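A.B. asks: Using the hints, put the two standalone chains together into the complex.
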Amino acid sequence: MKAIYILWLRELKRYSRSKAQIATSLGQPLLYLLVLGYGLSPIFRRSGEGSYLQFMAPGVITLTVLSLSMFSGASLLWDRQFGVLRETLVAPVPRIYIMIGRTFGSASTALLQGLLVGVVCVLAGFRPLSLQSLPLALVFLVLIAVVFTAIGTAIGSTLKDMQTFQMVTNLLVAPLFFLSGALFPLDDVPAALKFAAALDPLSYGVDGFRGALIGEAHFGMKLCFAVLSVLGIVMLSAGAWRFAKMEA
Amino acid sequence: MILVENLTKSFGGLKAVDNISFEVNRGEIFAFLGPNGAGKTTTIKILTTLLRPSGGTLRVDGLDPGREAVEVRKRFGIVFQDSTLDTDLTAWENMEIHAYLYGLARNAWRGRAETLLRSFELWDRRDDRVAVFSGGMKRRLEIARGLLHTPQILFLDEPTLGLDPQHRNHLWALVKERNKAEGVTVFLTTHYMDEAERSAGRVAVIDHGKIVDIGTPQDLKRRTSASSLEEAFLSMTGRSVREEGVSNVEEMRQVVRIWSRK
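Which chain is which? The protein sequence lines are A and B, in order. The first sequence runs 42 to 289 under our numbering. The second sequence runs -2 to 259 under our numbering.
None of these hints come from the bench; they were simulated from the model. Please note: incorrect hints may appear among the correct ones.
Far from chain A by the CB rule (all over 12 Å, computed), these chain B residues [stated by the list, open to error]: (1) S18; (2) G52; (3) L160.
DSS-like, lysine-lysine: derived pairs with alpha carbons at most 25 Å apart [to be verified]: (4) B:K173 to B:K218; (5) A:K286 to B:K12; (6) A:K43 to B:K71; (7) B:K71 to A:K286.
Since we're looking at a predicted model, the values are computed, not measured. The beta-carbon is built from N, C-alpha and C at its ideal position, and this holds for glycine as well.
Just chain B, with the same shape it has in the complex (with noise of 0.2 Å):
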């Protein structure tokens, strides 16, 4: 379904990604478990679109997502790590919004938003206006609507971030659902271990740009001879705390944004 071969994004001298490939397959829940500004948000800005790799190969559903981005626009919904819900509109104006901006058919479309509304317990709520709903609620509501045209690949970037438990483990049964019941594939970047753990099928460690390990939750534990994922990740990707090297990667993202301005 998306298929990477060494794909480099260099921001000015800076690798935010660097030579990194993988596959994943359809049907499954695939995902990027690295620290902040590890590359995470740079690959799926790629694979959407919204970025031009430096380097290297991408395929999403057999389409180059560099030269054909409308058609592989159509075939993936994305949940931003910032909401993009229009807060003066209500849950299902943002609905009919999407719809239209994905060309959907009139009778068909409404159907599937009534049901996605209803899986994701908004249906009630679909006349109020998005500025009230708490940030579970607006979480599930733009999770509902990337899935709206049926997507291919739901691309989901730190979904859970400023959660409570609950919310978050509500968010992934809902998520797991829908990937069994539309065998929707999907991709997503966490730093939270347990979740990865929990949710995907296959996990990628990703630091510095580079991919440390590819495998199952036990693959990794078991090559690393750890007790969990928390430990492998730490023991992979080591323990010390990196404000630095963070804050060096968006500080490049900025000053090449200031230059590709002029």
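Pulled out of the complex, with its shape left as it was, chain A reads as follows (with noise of 0.2 Å):
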């Protein structure tokens, strides 16, 4: 347990003082929020759906936790290319505890990032639907950090390079996203592209979260919930195996 404590400290303490990346992942999020936001904000409201800021703030938050836990993989390659992560292997505790010490420290700093894109959000106009809602919301937040750690982490415990690493995640990341129904909703669009959504975990990340925070979901958050529950214990597990089979 301590060894899983101090390992998840370990991650938050390294990104508390990475101001620079703190500052420089709240780049994207705001681009999408305030040139999408405002800019397609006319048309969405021409069209009878309201407030585009409301209805694509969650996905701007859930494109936060996404990146940033799906990039905890590297830090993974990063501390196995300069021997810190040998460090940690020598030490009489099973591995099982350094993967889930570093997997929930990662799914932290990924958590305490899309928060603080929230407080953007919230300074650009974004209302939820009332304060009694935010736990809920709060809890799907924590199932995407979780289920997409554990994912960068099998991919990070699977490669070697970094470049490649970079390849993957960013081949993986973009179509995540814009299929999840983060941007647009998915009621209406034609069926190809529905399924295509409802094969994507993200959706159900989206859908629940934004279920949470603004009372409209496409997929229901009963089952939102079900599937990211699922994916999380397959992804952790997946994420388990591959890391005991890393060589230090």
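C.D. replies: Now the structure itself:
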């Protein structure tokens, strides 16, 4: 337990010290929020769908959590390259603890960054349904962070070099995000797109999170919760399995 | 303390360690001396549970590293060839992580960490990020960290690689001091003859995965009628430069790694 705690704490310390990283990873969500959010707002309103900012802000917060979670695998590669990982791998603790500590540490930093973007969204004019809806929304955000950090960890412990890792994650993050319904409602899209969105795990994250925040859900919150929980367990196991096979 | 009998490790068809046997006594400083690619690091990796041997028996403090990995890990501290410090964190935080990973009691490790950092002359820099440390300071910190959980054995794999003579001297003085003060057994590898001669009680000369000779530096010199250990070493391992053999072993390791990934 002590080992899990200290590795979790390490990720948080490193996050809180990388001010530049915190600032730069605000850039992309801000771009979406301010340019797309305000830019598409008139069209959205004209078609009778209400405020676009209200609709897409949850998606932007999700994007932040998604990218930080996925790229946590990069810190694994980084630590392996610089030997930091080796110190933990010869320690008298089972590897699964090391994997859990790191994964939850990275998930926590992704969550914190998501909350930071959430604050920015509120400043930009986003208003959640009610304060009571926030705890449930947080549950969904935590699930998103854990699922995608576990995926990032699994990829990071399978691949060997940083370049390949970045290629693979970039290849995954964009379609995951665009298909998720973060930027447009899934209700009236063509069947093929609807099908693709249903296969995208992030769709359930976005939908559940948005459902909790503004009360509009496509799949329904129960289904979202179930899909994310099952996927979380599967991906954590996959991450643990890959991690155990990784060479020191 | 360490008992190795007929240890063999092959990568594919290549034998990195070829049927070696030796013993390290409690409290002694024992050196593995050999050219690059001789099998020094492979042996350390096997003793420290990071690699499984292909054959042979070994005991570390009476335990089998292959089957009782966690227990064995509690008993040794290790300083790898490449630094494993977290450079984003401070010296103290690096010690703290180690203490938690080894499950040390809070009131016990803090005092010991202070003692170690003081004797390794790092106490005043404990709150500085490791990224700003010099090579010598990093090495000292790694050794201090490796000793934090009061191990029975300290493994040092080429600990002075890349350090200038002043730092090397300083480092060996510190290691010897700890060896005397705490009786910690030290197993080190080096390809610097003078270091083996000055620091170690006994030296094993290893080449091509085989042990060529074991004894005190004086014994080795006498047996080859050489005036220095360097002379003795060269007469045992030959004078030619063998880049090819070195890269072959490394290459096989790489290939095997790629295969085992599938």
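A.B. asks: Run every hint past the structure and note whether it holds.
C.D. replies: Structure-based check of each hint:
no., hint, result
1, S18, "holds (24 Å)"
2, G52, "holds (21 Å)"
3, L160, "holds (17 Å)"
4, B:K173 to B:K218, "holds (23 Å)"
5, A:K286 to B:K12, "holds (23 Å)"
6, A:K43 to B:K71, "holds (15 Å)"
7, B:K71 to A:K286, "holds (22 Å)"
Checked against the numbered hints given earlier, the structure satisfies every one of them.
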